[in-house]
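Student: Work out the full structure: start from the sequences and follow the hints.
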Amino acid sequence: MSRIVYLLLISNMIANLIASSPRILFAKSEHGAIVTMIIALFFGVFMNWALITSFKAFPGKSLPQILTLYLSKWIAIPALFIFGVIWYVSGLQTLITYIDILLRFITPEMSIYLVIAMFIPVVTFGIIMQSRNILFTIELVFILALPVAAYYVIKLYFTEQVSWDQVAIAMTFIDNPPDYTVFSATTYLFVGAFDIIIFNSLLKKKMTFGIKQALIVFSLGVFMIFTTYFIPIGVLGFDQVENILYPWILTSDSIRMKFGVIERVIFIFLLLFLAIAFLNITIHWHVACKLFQSVFDIEKMKIKSREKISFMIVIVIFWLIAIYTTLKVTEYDLFLYSKYFFNSIPIVFIGLMIIMLVVNRRVKS
Amino acid sequence: MKFLSVSKWLMAFLCMSGVLLQSGCAFKDIDKRLFVSSIGIDPAEHIENGYKVTMKVALPFGAIKDSAKPSFAYLSREGHSIGEAIRMLETHVDKILELGHMKTIIVHEKLVRDDMQSFMDYFIRRGDIQLIAYVAGARPSAESILKVEPNTEAPASVALINFFGGTANDSPYVVTTYLFQLRRDILSEGIDPVLPLIETNEKGDELIVNNSIVVDTREEPIVLSTIHTKYYNSLLKGSNGFTYLIRDGGLELLLNINQSKMKYKFVPSKGSVVPSAIDMHIVMKGTIGEANKDLSVAKLDEYNRLASKDVKQKVLQFLTKMQEESLDPFGFGLRYRATRLHTEEIFTTWQQAYPNIEFKVTVDVKLQGTGTIE
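Residue numbers (the numbering used here), protein chains in the order written: chain A, 128 to 492; chain B, -11 to 362.
Think of the hints as simulated: they come from the structure by calculation, not from any bench.
Treat the hints with caution; some may be incorrect.
Capping the alpha-carbon separation at 27 Å, the derived lysine-lysine pairs in DSS-like fashion look like this [claimed, not checked]:
#1 B:K(-4) to A:K435
#2 B:K83 to B:K98
#3 A:K385 to B:K249
Nothing here was measured: the structure is a model prediction, and the numbers come from that model.
Tutor: Here is the structure:
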């Protein structure tokens, strides 16, 4: 597996740390969250295995290219369109959450229009970059931000502010039956690698997914799930943790670095995670943009500047939807829609795998 | 691909122009802000069920050497709720009140109760108030404590903050409770949070923090004595650097303990789900700091035994006192819940069992030496 795939995976996991998924997990903390997370962990590793294996036969080809080659356009176009919507929404979900967090915690006096006006051009700049440059950006941000982010997260495990009794109480709910929403929300942590449906065109090497890779993904998953779920419980307490809107913001605000550069960790924490989330939005929207373009491109249009126009249309639509929803969506809506979105993820995954299965068969025959 | 480069330039320009919209300092200059250093909350005198909020505002001055003494302004106002009072206080000053640096919340002794969550809510909800702010009880009132300006207070610093957090004052008599911790422990079943209690001397020029309050539902809060505060702090919070005075016959020893560890487990009882006893094991390490007689290094074991016996007695007394008052500052109930699979009635079973639980304490004092002289 190329290192890029790991980076994509990690960026998705980290961006979700602060977004809606912890809240969905906590909402079910007394109704089967633990057992479901364990199931989803294995399912997540399986997903990554299935993805890498199904793309094995097509090094250097992206999903749109593969589908146009081997499938009729009556299947390929709707499928690509649905994937595009899913990827766009996943970026949008992170975007809205982060705009909300920014407004609430960093610049409470700023107008929402201004925040949107700052976010969207930068993200758009990322979208219109070439895929190769996006991969470079990922590496760059990771080199700059990940060590510090990892430092803060690991530091959390050793602070006296975490009450391990509370964590143990959360674990005593292990005998509850599993829950689908928790399953899909946890599964979503693992879908980062799915961005290779576009970036695969740059990954010329043949990828393998053996025991070693499975172990890496598994341990990454264990670490991230444990951090996402148990550390906020340890800091904020198990009883009534579900009443907190942004568990991770309050958690980072509760962490004190006695002799750190800033005693109050939240500001460093937020900025770091913001950088990675930004990256995540850019990646997702880039993938979405490419998918939509391939949908409109698929029949060679006769117009001269076809690429230009499809680009333009896609970006304008992205902007309009993003601005409209950011202004409209309330906290409750965000929670609700994120839930619907997460719930659709396993289904979309199965759809993608069926398509890849068919394609792989056609290649062989 | 010409178009792409054009649009890239355009986007780059747009990103840059975002900077033009910014106006620094979140739109308000630093000299247009007043920094609140601590907030005191008392019961209101004129409004029923209301609160009286007092703010200690740090006044700006040009350079630290210009000012011999720290200067503060005090704002007070009564209101039906904290938020309302603070909103009204904002109309009493010409600048904006900045709460982002507020580090201490002082609550009148009478208000330190389980239902304090209702007014603490305001502090949790406000995004700019730190959750690592310190919370403390006040005697006789929050306002009078805030208004104490100790002689040891340096310009550009607040004495109240230095007491807590272990950066300046590190005494084992001072309990530190953070806002997030208070919220967590109040909301959790099976632990009673402990707050430090700030008092002042008769002249009103000293702050004294060596007692603490256990937060509970009752009207008159239980105040832990100085000794109990020390035991709480050293056993549970692992604080060190404290001294123990033990007497045996004519011998008086003062121990300097620099390490203490406490472990406990439940002893299961036959035929019942609830444990019959708590088996507590305490290890302390230290040296002898003072003695009224000549000591011998060879007799360290003897001193260990004496010390262990003494500490054991005091810890037992503390634990049984808490049990009699049905308070649980150690969080035994929490541990009980944490070590069993969850059932609906798990906590009520514990509550019924707690008053009858027996404490078995073993103390292991390991003295490293007699200090630099024998």
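Student: Checked against the structure, which of the hints given earlier come out wrong?
Tutor: 2
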